[in-house]
Amino acid sequence: MAIIERPADTTTTVAPVEEAAPVTATSSYGYLRRPVESTGWRSWAFTVDHKKIGIMYGVVAMFFFIVGGLEAGLIRLQLAGPEGTVLSADKYNQMFTMHATTMVFLFVMPMAAAFANYFIPLQIGARDVAFPRMNALSFWVFLFGGIFLNTSWFLGGAADGGWFMYAPNSDVPFSPTNGVDFWALGLQITGIASLVGAINLITTVLNMRAPGMSLMKMPIFTWMAFVTQMLLLFAIPVITVALFLLMFQRSYDATFFSVEAGADPLLWQHLFWIFGHPEVYIIVLPSFGIVSEVLPVFSKKPLFGYTFVVFSGAAIGFVGWGVWAHHMFASGLGPVSVAVFSVAPLAIDVIFGGAVLGLFAGMYYWWPKVFGKTLSESWGKWNFWLMIIGMNLTFGPMHIIGLQGQPRRMYQWTENRAGEGFFNLGMWNLVATIGTFVLIVGVALFFINAIWIHRRQPVAPLDPWDARTLEWLTTNPPKPHNFDRTPTVHALDEVFHRKYEDVGEGDSHEYVQRSTLDELVLEEEAQADAHIHLPAPSYWPIVLAFGLPIMAYGVIYTTWLIVLGAAIVVAALFGWALEPADAEDADFDPPAAGGESTSKELANV
Amino acid sequence: MSDIVADAPEAVEDHAADHGDHGGHGAHGGHHTSLGLSNTKLAMWLFLGSECLLFGGLISTYMLYRNRQGSGPSPDQLWDIPFTSASSFVLLMSSLTMVLAVSAAGRKDDRNTNLWLTVTAVLGGLFVAGQVYEFTTFYREGLGYTDSLFASSFYTLTGFHGVHVSIGIIMLLATVGMVAKNRISGDKAETIEMVGLYWHFVDIVWIIIFTLVYLIPA
Amino acid sequence: MRDAMTTTSVESVNSLSTRLRSAKVAAVAGLGVLLAGCAQNAAQDTFAPEGENAERIDGLTRLVFSIAGVVGVITFSLIGWTVWRYRDRGQPIPEQSEGRKSLEIGLTILPALILVGVAVPTVQTLSALNKTSDTECVVNVTGQQWWWEFDYPVQPGCLPGGITEPIVTSGQMVIPADTNVLIRGTSRDVIHSFWIPKLNGKRDMVPGRVHTLRMQANQPGIYAGQCAEFCGLSHANMRMEVVALSDAGFQTWVDNQLEAYTPPEEGTLAAEGEQTFIANCSRCHQVNGILDTNGTPIVSRPDTQVYPGAAPNLTNLMTRNTFAGAMWDLIDDQRREEVWEASPEEFDELYLAGVEDEWLNAVRLRAWLRNSPAEKAMYADPTQLEPTDGRYRGMPYLALSEDQIDQLIAYLLERK
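Residue numbers (my numbering), protein chains in the order written: chain A, 911 to 1515; chain B, 154 to 371; chain C, 33 to 448.
Calculated from the structure, these hints are not laboratory results.
Incorrect hints may have been included.
Calculated pairs, DSSO-like style, for lysine-lysine (alpha carbon to alpha carbon, straight line, at most 30 Å) [unchecked claim]: (1) B:Lys261 <-> B:Lys341; (2) A:Lys1210 <-> C:Lys448; (3) A:Lys962 <-> A:Lys1283; (4) B:Lys334 <-> B:Lys261; (5) A:Lys1127 <-> A:Lys1283; (6) A:Lys1210 <-> A:Lys1283; (7) A:Lys1211 <-> C:Lys448; (8) A:Lys1001 <-> A:Lys1127; (9) A:Lys1127 <-> C:Lys133.
No experiment lies behind these values; they were computed from the predicted model shown.
Given the sequences, and given the hints that come with them, work out the whole structure.
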């Protein structure tokens, strides 16, 4: 897509791109060749390009947002009036469990992963992440895990113990269907995705920064996403242990949570919340990072107190480990019991406001970078206002409902506890339901904006927001190899400093634009690195990922499936290890540097 | 600010001076890395960091439940400390042979690399066999998996460790095969070193388990 | 290069991202305090304390809410003013200042100080709430899917003469008013949570553990509560009330609970009901003093029928006014209003009158007896009891005829 404003006459003639030669990636084992397709579904299924992976993460996350939103809609319909009949008690309990699990693990976390995947390499001046195949693996494992989890709806009922799944209610006598097993196994699978992704992105941030980019010159989003990955690295294993204990309890009659055997039900709570508290930071830090990126761009100033903000993020990461028991005030741990706990989803309102709106801000901000066009401004405003009004109408009343004595996770409320007068529980429940539908309309507007209106949008200029950070030093969308020339970084907000120069003297400042972003990008093209190596696509990540849900079905249904799934995983691991390091056409020699481009994707540049 | 442009060459130089080239060019693919540590080695360290939390959770569960033996046998009735010490020694020796394998790989001595890798795998296998023998003995003496909280947490903890050792053995043997067929892309010595890191970690975890579970009386 | 359209896009993206957290804190805190009081007589209103412990919590809550509200209003106003004052009017690029140490340090220390300020009354309140050494009366509370059992152990406290025999009731916990009562709570199955908002905060009821909570009501009255930890299917229906009576009223209540069993008069409907009860209900529901045909007292064995092992004790069912885990009233709406709205002086008499035929909530009670699983979500399908070794979680369908129901109602009405 040509969206760089090129000067009318150019002194650099771009060599015409020839038809790419037919490609044969060779290896001594015929079946271990690398995939070669660069278009069509195969170019997505086998891609290792962090940008494509980021887009896939985003698309799937938005799909699960819809799923979770529908679940929320049903919940609110049930609670719109007293003793609702939309959902039975059993279905309601499944609905709120899956709504929360979906929103946390299948929407917010993958959406943050979408941004992290797409933008960390671009923001640090790298061409891809440290382990591109592992990156693809993370995505496919997440997708298959999310699908696996949701097949529970059709296979006897979804999990019904709440997303926090307290023991012993999660044990077989109290949750006799396979729902909880699907939940535990599904989260194990998505946990693998997160853990592998964390290792990948931490290595990327620590090891693959462009020359000159010290840690304190990294864009703030990368910093926050980095802290998030560190949290994931250490938090996921803890919930992994909890989930294994639960699985062994349910599937193999272990007694970890059996009170008759002398077990302590609080073991689950401790393990869960040691994961759970860092988890809420995992949810919100990426959005903090996005907001901290967007505000400086539109204020035309650097982030105030960047150093403090970075250290605060790191401090959140550290200190967050020590506070898990604040999720257990009423558990009888000790002398703490606070009435505010009865306030209904306070935390969810903060998540929605802080994290979800931040993610939407990120989408509107970076849309032109990823897709080459901006989203429609007017539709965007309707989207925003309906969402924020809907959000406050939905969650605001819930605070009041909680303060008026209606606890959470109740499939119905009754008139005789609703209070009298106009502003009683009935009214607030109804308002919250109306708010939900306002929110749903608002979200629908986003999809309309992104899918249909998008088509009519003009191609965006290269620098629609006058941005500051390194990811903007690329085309829209970036070329497969991101940067024509690996940039050398001299300052925080590198792109701002390349565009603007301070010609003021002494204490006065006057910023004059010395280059447009278009000129800068063209310059990079002209000074392109002689030889650019791109990681080749691979079959094995998606194949390996496929084995995991099969193993999970095996745990629930029959051991033979465990064997089959494991065989697929092991075979894929061997294929992964043994496949050739490269395919021949993965390298790109930029024409401007005198090479002949062999990459089909750049045919139009 | 014009001084930023002027800083550029210095910044690059400083960067190079700070991080030098150690590890950078030796890493597979010759990629320069900001920390000077190769990507794969860093990734392995990170993975082992997460494993600390995994075993930490399992060990905590065991420590919570070690005294809840129900009507089943208790540790002092079951443990055969001399035997477990012997198999611990075997595992410890396997770490030594692993170091020898890494050293041989550093000298590009494929033959000895494979020799020591194989010995390591054999010693690891001996350890696992010892575990299996131990567990079947415990089972016969009345410690079934579901019999008590002590039993469940013991078997789960040591079982997870045993699985980690077994995966390590597979990794060792796969590495032997790939060295023999010259199928290791990138820095061979570093790959062996990475496997070594994993193996040593598994060994250290065992030392902790052996101490907490077997040696310290309940 | 920026487009002409970016002026408004600046605002939209700014407002998108700037108003979030501060808006919520300020708006909700203010709103909450304001409007939470607007629902009159919400039975579980957390802003209407009726006992010392709840009063302490309420005091702290209002204090913290106010502080948070002030902080929120200030923050929100500052942001609003800044967004307006520095909106894009085509100004030149401002000075690229990266921060100011004094401001950064100040804005870190100030919230820290506020939090420390909040922490002090918080800790004081928490330690005051935790004190149990000043309690004079003990009630053991046991949660079970999906009802609450209260048993009063033999003890010297609660009354001048103490409690001389154990009392077991369910659904409504009767205590003397203006007395510190110690609750010792646990569960028979999953984790529940005991919560009477007007009297105190929550305490989880965890199987295998005993947790304590101090309960105190200033005046006679009835105080609604609810299980506050998700406990499965009918968590929403697991309710209870605390009933506080004057000292004299409490004495009357205890005496009544310990009265000997009076079998129904021969030949009455209630007598037939007794037989129906023995045949259908005694398996699980204990009525102290009921005799079988041989004259042997019947001891119920719910542990053979019900997975967690207990069912509500019905000895004095009609001395309380809710049933089925306090899901429904035993009394009709009019009587309910009289009892719940009674002044502290009138309350004792109204409550101690118990349930009479004239104000019995017959429709609900009949529906329950007719088909309880249809009325309250429970695990009572006899074909699906494998996970619980063939035992129920809840009351099963008994296939009673209308006549049998008539008999049972007549019999139950005499259980006071």
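Against the structure, the hints:
A threshold of 30 Å between alpha carbons decides the hint, and for Lys261 of chain B with Lys341 of chain B the separation of about 8 Å falls inside it, so the pair holds. A hinted pair counts as satisfied when its Cα atoms are at most 30 Å apart, and Lys1210 of chain A with Lys448 of chain C does not qualify at roughly 78 Å. With a CA separation close to 17 Å, the supplied pair Lys962 of chain A and Lys1283 of chain A stays within the 30 Å bound. Pair hint Lys334 of chain B plus Lys261 of chain B holds up; C-alpha atoms about 14 Å apart against a cutoff of 30 Å.
Note on Lys1127 of chain A and Lys1283 of chain A: the hinted pairing holds, with a Cα-Cα distance of about 28 Å set against a maximum of 30 Å. The straight-line distance between the Cα atoms of Lys1210 of chain A and Lys1283 of chain A is roughly 22 Å, inside the 30 Å bound, and the hint therefore holds. Straight-line distance between C-alpha atoms of Lys1211 of chain A and Lys448 of chain C comes to about 77 Å, which puts the hinted pair past the 30 Å bound. Distance check on the hinted pair: Lys1001 of chain A and Lys1127 of chain A sit about 51 Å apart at the alpha-carbon level, beyond 30 Å; violated.
Proposed proximity of Lys1127 of chain A and Lys133 of chain C is supported: the alpha carbons are some 18 Å apart, at most 30 Å.
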